[in-house]
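Given chain A, work out where chain B should sit, using these hints.
Number of protein chains: 2
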Amino acid sequence: MARTPAARSSRRWYTASTTDTTTSSDVVVAVDANGADLGPAEVAAGAALAAAQGARVLLFGPASEIAPESLPDGVELIDAPVSIAKSADPARAARATPDASIVQAARAVAEGRAQALVCAGATGAALAAGLFNIKRARGIHRPALALPLPIPGPAGGRTVTLLDVGANAQARPEHLVQFAFMGAALAQAVLGVTRPRVALLSNGEEDSRGSLLVLEAAVQLRERLSEEDPAARAREDRSPAVDGPSVNGLVMEFIGNVEGGDVTGGAADVIVTDGLTGNIALKLIEGVSQTILGSIRAAAESSPRAKLGGLLLRPTLRAFRDEIDPEAQGGAYLLGLRRLGVVPHGRFTRQGFAQAILRAERGAREDVVGTTHAALERAGALRRAPGGTSPSAEDASLRGNDF
Amino acid sequence: MARTPAARSSRRWYTASTTDTTTSSDVVVAVDANGADLGPAEVAAGAALAAAQGARVLLFGPASEIAPESLPDGVELIDAPVSIAKSADPARAARATPDASIVQAARAVAEGRAQALVCAGATGAALAAGLFNIKRARGIHRPALALPLPIPGPAGGRTVTLLDVGANAQARPEHLVQFAFMGAALAQAVLGVTRPRVALLSNGEEDSRGSLLVLEAAVQLRERLSEEDPAARAREDRSPAVDGPSVNGLVMEFIGNVEGGDVTGGAADVIVTDGLTGNIALKLIEGVSQTILGSIRAAAESSPRAKLGGLLLRPTLRAFRDEIDPEAQGGAYLLGLRRLGVVPHGRFTRQGFAQAILRAERGAREDVVGTTHAALERAGALRRAPGGTSPSAEDASLRGNDF
Chain A
-7 MARTPAARSS RRWYTASTTD TTTSSDVVVA VDANGADLGP AEVAAGAALA AAQGARVLLF
53 GPASEIAPES LPDGVELIDA PVSIAKSADP ARAARATPDA SIVQAARAVA EGRAQALVCA
113 GATGAALAAG LFNIKRARGI HRPALALPLP IPGPAGGRTV TLLDVGANAQ ARPEHLVQFA
173 FMGAALAQAV LGVTRPRVAL LSNGEEDSRG SLLVLEAAVQ LRERLSEEDP AARAREDRSP
233 AVDGPSVNGL VMEFIGNVEG GDVTGGAADV IVTDGLTGNI ALKLIEGVSQ TILGSIRAAA
293 ESSPRAKLGG LLLRPTLRAF RDEIDPEAQG GAYLLGLRRL GVVPHGRFTR QGFAQAILRA
353 ERGAREDVVG TTHAALERAG ALRRAPGGTS PSAEDASLRG NDF
Chain B
-7 MARTPAARSS RRWYTASTTD TTTSSDVVVA VDANGADLGP AEVAAGAALA AAQGARVLLF
53 GPASEIAPES LPDGVELIDA PVSIAKSADP ARAARATPDA SIVQAARAVA EGRAQALVCA
113 GATGAALAAG LFNIKRARGI HRPALALPLP IPGPAGGRTV TLLDVGANAQ ARPEHLVQFA
173 FMGAALAQAV LGVTRPRVAL LSNGEEDSRG SLLVLEAAVQ LRERLSEEDP AARAREDRSP
233 AVDGPSVNGL VMEFIGNVEG GDVTGGAADV IVTDGLTGNI ALKLIEGVSQ TILGSIRAAA
293 ESSPRAKLGG LLLRPTLRAF RDEIDPEAQG GAYLLGLRRL GVVPHGRFTR QGFAQAILRA
353 ERGAREDVVG TTHAALERAG ALRRAPGGTS PSAEDASLRG NDF
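As given, the protein sequences belong to chains A and B, one line each in that order.
When you line the first sequence up against our numbering, it's residues -7 to 395, in that order.
When you line the second sequence up against our numbering, it's residues -7 to 395, in that order.
It should be emphasised that the hints constitute simulated quantities derived from the structure, not laboratory data.
Be a bit skeptical, because a hint or two may be false.
Identical copies carry no separate label here, and so any pair may be met within one copy or between two of them.
With a straight-line cut-off of 20 Å between C-alpha atoms, the simulated DMTMM-like cross-links for lysine to aspartate or glutamate are [said to hold, decoys possible]:
(1) 78 - 91
(2) 78 - 198
(3) 299 - 198
This is chain A alone, in the form it adopts within the complex:
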């Protein structure tokens, strides 16, 4: 495989990531190769990188654009040239196009040929294909997109998990409550945070601050967590109904509201908000970072003195840029389906797609879905009514989402 400049410059963080030990698990990741800005071959190259780290991949994409002989052991190509990545109505397209690559990938997960789904770029199509084929997990109101954000810092950086970053533009309080447990389970299982501090994003730290949605979610979350306190748990443990595998080790701390400035400030490990605000927050962070780094680059061209300063600082600034590089995280986790999904950004390079596949593989191995579900069940935060398994229920849920 030819090594591009991008591949070279990214090698450092890539091999230094938490997934750099070679794994050989039973987990297979189904990957949709359509939807990447750089084309299916770039996703295939990412799959090859991930396979070199021990991942096993079922790759759905156009064989005419991906040379099968270039793929290593561990990557199996299924010819799937039809793409719905650019569809204006992804929900309808996902249902009407059973041979679309993303639908075939989701079906592979639904049928047990793969244990996790990776779809580049098309959030709406991924959500629709996932809901129709993999289905919502029992008792889950709405799937959510959870993004671990790298926060730079003198101590080497931390990660804050933000959700929902765009699956649901409209949310109800009980959705935010479920998102809180989903995010905490993810932070614990994947990022190794022992006791995640979970907060609601609001316009002030005081409990009285927030929209009706935020205020009501806080009330419900406190109720759910008080049902989880040691005394309550002792009472419950005597009841065989909640005994056994559904009781798991998730311990989270709800710290109330945090403000926008706290997202990069380290006050919380998991920050919960609706998909409209979360998406705005995510894109603001990316936009402001780019604007500032661009301005500093321009400033470092403004005089001979500044130019020399910029030259001397360049390696340090490059390391900093790598530290906040979204590709290093591999994209957002799609939580709330019966299997795990990961949605990398469409503009990623092969390194980002490799990270996405490795993260999906690790998330499936760590049983993020099972952990999340057990935590929700223990807190009584699952939906009471039988949850969305019929096609018509899925349809209704999907119409409610604003992709």
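Frame of chain A; chain B shown alone:
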């Protein structure tokens, strides 16, 4: 007056600001000196700086902490030692404490002794004192906080006006419609934008993206603006009811949705959102900027080479930091009352307070309130029912706000 280091370092942008010509208008600005983190003397020093630029100030604060003999001509001190800036329930405090400095300042505006209000730090108290004394403008649903944000750029930077940044955590579509006209009138009158491009902040650029609030606000805004089109205006101009001074020159363009990344990208001059999302966005911008600049500072200490580079770049980086300095803008405009308010941040120094006073003075002179109101009237976006002049109506509105 002793010159502090802060005063020295900020002098450059201060004298280069758009308000640096000496004015001597009939406008008097009422200023609450309580609420600043650095204390009333810092606000008084800011008033003195503003007076040196031609502003006339009625300063309400504790005479024991402000030496009257230090104040120049143009600043009149009214001894008002009682502060409600730290009150947990500002609405109740504003009503129950008629001698509070902020209430006295608002009353001076209501009684015509001053034409604009400046209150440092306490947004909730400013809103409450304003609503109870100055009152909402006729037909206005809710006051809003509008913040002109400096966006750095190679061409010398631009300004995008974001509103609401925190007056209303809960908003209805008709509120966002009014905010759009308020923001456009501000951008035109104060920032000199001839034809402001106005957008709604959403989770995607397509018209189909957004919460129910955003989607409905877009529909209503398009309706209001179509009533403003040339043909409609020609019809209306034949009716004496809308003729005369209420028809003014506000021309705005509604460009639909923008994403979080577009806030710093220059796609719009005015970006409209609810107070929860706007407050989160504002604090994210400040937090991300500080985190990145802090990380670069730390990086420039990491090696002798980087240290030298940082030293050479320092003047350039300082100019950049000044460019995005929130103090240079003077704080947020409080729009929707019968007179203009400006709310500087509590952590500002004298330079920020001076800017706030000069901005309030200029806004009153440019008749931002009148321009806004005429634009709303012409677009049919004013509330039909007689609007909130009785104390009980003000109370109801105030309870609806989440400070």
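Within a copy, between copies, both or neither: which one fits residue 78 and residue 198 at a CA-CA cutoff of 20 Å? between (43 Å within a copy, 13 Å between copies)
When no copy is named, should residue 299 and residue 198 be tagged within, between, both, or neither for a Cα gap of at most 20 Å? Neither: 46 Å inside a copy, 41 Å across copies.
Treating 20 Å as the Cα threshold, decide for residue 78 and residue 91: within, between, both or neither. within (15 Å within a copy, 62 Å between copies)
The structure does not agree with numbered hint 3 stated previously, though it agrees with all others.
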